[in-house]
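Could you fit the two chains together into a complex? Lean on the hints.
First to last, the protein sequences are chains R and H.
Each residue of the first sequence is one higher than the one before, starting from 1 at the first, in our numbering.
Each residue of the second sequence is one higher than the one before, starting from 1 at the first, in our numbering.
Keep in mind that the hints were calculated from the coordinates and are not lab data.
All figures in this text were calculated on a predicted structure; none of them were measured in a lab.
Only pairs whose alpha carbons sit at most 20 Å apart, straight line, appear in this in silico EDC-like list of lysine to aspartate or glutamate:
hint	chain 1	residue 1	chain 2	residue 2
1	H	100	R	281
2	R	254	R	229
3	R	100	R	170
4	H	180	R	292
5	H	180	R	249
6	R	254	H	162
7	H	180	R	291
Here are a few chain H residues that sit away from chain R, every Cβ distance over 12 Å (derived from the structure):
hint	residue
8	8
9	55
10	77
11	177
12	192
Idealized CB from N, CA, C, for every residue including glycine.
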Amino acid sequence: MCGIVGLLIKNPALRDSLGALTVPMLIGMAERGPDSAGLAVFTQPIAESDRKYSLYSGTTVVDWGQLIQALHQQLGGTAQIHTQGNHGILTANLSPAVVKPWIHEHYPAVHILSTGRTIDLYKDEGQPAAVAERYGFSQLKGTHVVAHTRMATESAVTPAHAHPFTAGEDFCLVHNGSLSNPHSIRRMLEPRGIHFDTDNDTEAACRYLEWRMQEGDDLKSALQKGFEELDGFFTFLMGTQDTLALVRDAFACKPAIVAETDDYVAIASEFRSLAHLPDIDHATLYEPAPEEMYVWTVS
Amino acid sequence: MDGVMNPTTNIISFDLTTTSLRDVNHYLHHQVSPGNHIDIHHPNGAHNLAVGLQEAIAVDIHGHTGYYAAGMNQLASVTIHGNAGAGVAENMMSGRVHVKGFASVSAGASAQGGLLVIDGDAGLRCGISLKGGDIVVGGSVGSFSAFMAQAGHMVICGDAGDALGDSLYEAVLYVRGNIKSLGADAQIEPMTEDDQAIVANLLEQAGFSHNPNDFQRVASARQLYHWNADAKQDY
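For reference, chain H alone in the conformation it holds in the complex (with noise of 0.2 Å):
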């Protein structure tokens, strides 16, 4: 294996562009134990970088990564010092990815848990389908966030763009900004105790000093669980 050991810190580093992205993906999957800190330099973009991880070890990506970053993750903590290319942590199962720049669409799509954080924007779609994850967002995320989102949170500390949380189940929405437009059967509901406690404690997770007073809930108003035979049908 090509990666480099450093004896004072036990960091295990490779670089990209003298290890294949295989070669890393085999590594994070078959060579580490618990507790093992893993450095990547020079990702370059590539994509489905350290996806389907299992142990507990911390990975530091230096630079861009593409597609699918950190997907299917479990235990692991990523941490991508850079932007993230489409479906960062997507089906997410536990554990934390935490994207130091912006993330593009479909960040944290249907992830069942662990906690994703983007220090900038999303672009859409981000927590499309969420499943139980929770995602918090620095910045603002683009149109058809949570679209369908069943279960999990997402803290969103900037804007929200059109159509936030269309079609939405279980998760729960809090946004401190902005937004342009909610989906269909999304609505804004008064902030419980509950809701503040839980965005106190993902934004102190990921590392933000918000007011939690300062977020709206966004919840599903449970119109399109059933279907009404009432109601007008356009299409």
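Pulled out of the complex, with its shape left as it was, chain R reads as follows (with noise of 0.2 Å):
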């Protein structure tokens, strides 16, 4: 069992309360998902030279000030972090085909959880609101967010292994449910060069969605293929640059409601995370249909 927690924002004044609006939310959804808990959020896009990188130390403590000067001094370009124990968001101008092999090398401890240009991810081991407190999600500001809270049924309890999950930039997605081909879906993308983090079953779907979008699928064709190559219980929400997108299992196996407003579009596994959104008596409530795919636009 696991939660999921989808909110895109339709009315721009309410961007600076997403976090505000979500944490409740992901709380929500704690019993279902008490080991772990993550969010990705995304911003207005920064500049198209720009990669913000979020990364994760775990216990290791990072001199993060450190690690900037020294990326600046042997890369070169510019590059600031904002930092939260052991969580910083690097942003730099320069490419992660240099960024991300560095940091491997220079700092093999820190984890590059999320790259893009709108993308901020935070995950974590511990109970929903603890892992909210830790990193602030409060006060979170942006367009729409995915978020997650996990209870493992399929392989360990690491922050690697937390939900939502990311590949290439601005891509993530978190899921409820167990896939019972991921093994072979990573043995077909392997050789083509891709890498996995984990032994995870949904980072196989995500790395699965986002390679079909970089051999040049839209994400409702990378969709439509996944429906026809993962075998498994799923709900899935996933995260763009400019959308949310939610698809179900030919067997509903998962659950999933969202609710509509003029304001935002809310999405969470049962309704007890979305009674206390503002308005929510006015909105527009339903299930999700299996294999329909669900996307929703930032205007």
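Given below as structure tokens:
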């Protein structure tokens, strides 16, 4: 069992409240996923030449200031970092092709949780309320958010196994369910040079869909191929630079409910995570149908 | 107890934002008498609300419920003025459960008696393993509804999804709209006068005014009741 949560703000005036609106939704799904939690927030895109990297050092204490100094000295460019304990958001006008290998080489304890022009990502072990508090989720601002509470069923409980998973740039995925063919997906992708960070089934789905988009599919074509290739139970919620997307398997084994108002689209595994949203009594509520694609775009 | 009695209506009210779910359910189990009327406000998707009731009481839930609302109901009449989560009225024994909105998956699963009315749509697996209860759905039902349903009736005023009535036993289904596909061993049969009377009666109890002549009967072809060694064994 796991909990999924998504929120896309339609009314720009509410974008400063994105985190404050999301935290009760996340905590509402704590019983479905008490072992880890994570959240990806999408902001307005930064400059085309820049990239944001969400970094996580776990229990290793990293001198973040020293990291950007060394990065600047060795790779050039400009870099700044916004840190919160073991988490940092590095912004640099350097390409991921140089930054990622450099971090792997010089700071092997630092995990790159996400890369892109819009995405910031946080995930860690612990009760969702504790994780939200640890990283100040209630202060987050942006256009849309994808979040998850995890109750592990098929691989270890570690920060790396927590959701959201990312692949490529500005793409993340959270999952409620379990896949039965993640290993064959992985065996198909690895010879194509696609690297996996964990043995988690959700990572296979995330990397598969992102690979399809790298190959030229748009999101909907990639999801259609996902329906054909990914076997098992899933409710997937995905975030891209400007969209939220949701799909459920043919048996709709795992729950999902959507609430839409003029101000927002909110998605959760269960209504109890939506019950406290503003004006929820006037929201249009529905359960997404199995094997249908639901895509909402930031206006 | 935190319930508030309205002296004019004699209705006892609870608010789940101020009273715990356990306290409300405890009250419903141990402190009610036949004929009592209880209102519950702000369910906010709570699970297991008003489960295991055993007295002929009326319970009105104002809002949306989570999993298994009114499960195992006996005698009570529970009305949900909102949507119901998974497994509403599962294993109902008797009484009545009425969902004014839509119901999620597995509504009325294994119900042995009583009547479940859903004004809106029901999700997948509605009436799975039905064992004698009756279900009336004002809207449509999702795929795999009435899977292995053994006894009782389902009246579906809208459409049915894939594999309706797969591996049916002796439950009988009546569908007014389109059936996307029938499950293994389910077949459409002619409506008899008895069928029309059953549909008319259930529609009346549910408060719908459709013409019973507009429904198709779906029942078991009974070809899976006995092992057939000559049948193609693909799996």
